[in-house]
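Residues are numbered in this note's numbering as their position in the sequence shown, beginning at 1, plus a constant of 974.
There's no promise every hint is true.
As the list claims (entries may be wrong) - Cross-link-like lysine-lysine pairs, in silico, DSS-like; alpha carbons within 27 Å at most: (1) 1135 to 1250; (2) 1021 to 1135; (3) 1010 to 1135; (4) 1251 to 1268; (5) 1219 to 1250.
Because the hints were derived from the structure by calculation, they are not lab data. These numbers come from a predicted model, not from an experiment.
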Amino acid sequence: MNAYLPFEQISAVPQRNMSSILHEAYKHRFIHSLIKLINYAQQVLDKDYTALIARLDQLEPESKNYISPWLYAHYFWLLEAMRSDSVLEVNRIIRDIIFNTQWIITETQISLGLQEDWEKKIFAEEVNIAFGSDPLNAYTPPQNELFEFKNQVSTALQLIKTADNCFMEEVNEFVSAIYLVKSEVKIVGATSPKFFGAIYLSLPDGNTPEFSNLLLIEHLVHETSHLFLNSILAHDPLILNEEDKNYVSPIRSDLRPMLGIYHTSFVLSRVIRIFKKLKNLDLHDNQLLESAIKNLSDKYHQAYATTHAEGIHTELGKQILLSTQECARA
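Given these sequences and hints, build the entire structure.
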């Protein structure tokens, strides 16, 4: 698929049709990798997974359907089990894949998070660890909070669409699920290649509707931008720094690897862009927006300076980083 990706056109500035090109390539690569894993397990374990491979081969990366976060999670668990030579675990995971019907999601879901065991497991592995010393302790909210959350998400997405329709294309293309969770950290937004397409959000209580709405827009833009960048990372590493060397992050209390700082530069430039567009179109409280833009711009410039000075970039990585300046100027 690499030959068909317009790498020279990829930018932090949202572009029409780019997200669909990247997502199709990402799904194609994922399906191919999963089939290779199953085929290898078939040979090593002397099993017959022909029917499973045929079913996977029928998945259509060019369709508008989403591959479910459930299937992404099980792919990574299968990969880990095979690397550790855990035959029982490999058999169990493949059996789960065979008998599960959650391979595909046809439209974006908005629901309460952490209701299923697989979610709790992958969330603990990815999100709790990522927050380091911060006590996350996320859990499923009461059912009565879902209705208001759906209304808030709908309002936020409508504002994003009005501000930047090209970015809204990315939301529609990449986001398969938006899950509400509660946590001991005031604000949480999380996504990961290990549950690709899902966004987990925990928002603070007791704020004005205008402030809560702005937070929700910020985190939807932030996490969708992570998904966009992760779809590129499947084809190009962007950053070549050693993974065990960490740097100060303007948005985290713990030190982060250079790729994390790079992600920060990218996502903040896009949040700033959307906020500036909202302000220019007079779509939200301008005082709140001005304060948020200043705060985010300070953090963006810190992240950009660190990434520019300390990062070892691929050609594409350098291209995208430079484009964040144009993106943040809006």
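Do the hints match the structure? See the list:
Distance hint between residue 1135 and residue 1250 is fulfilled; the C-alpha atoms sit about 14 Å from each other, no more than 27 Å. Under the criterion of a C-alpha separation no larger than 27 Å, the hint pairing residue 1021 with residue 1135 is inconsistent with the structure, at around 49 Å. The suggested pairing of residue 1010 with residue 1135 is violated, with an alpha-carbon distance near 39 Å, which exceeds 27 Å. The hinted pair formed by residue 1251 and residue 1268 meets the criterion: a straight-line CA distance of about 14 Å does not exceed 27 Å.
Under the criterion of a C-alpha separation no larger than 27 Å, the hint pairing residue 1219 with residue 1250 is inconsistent with the structure, at around 34 Å.
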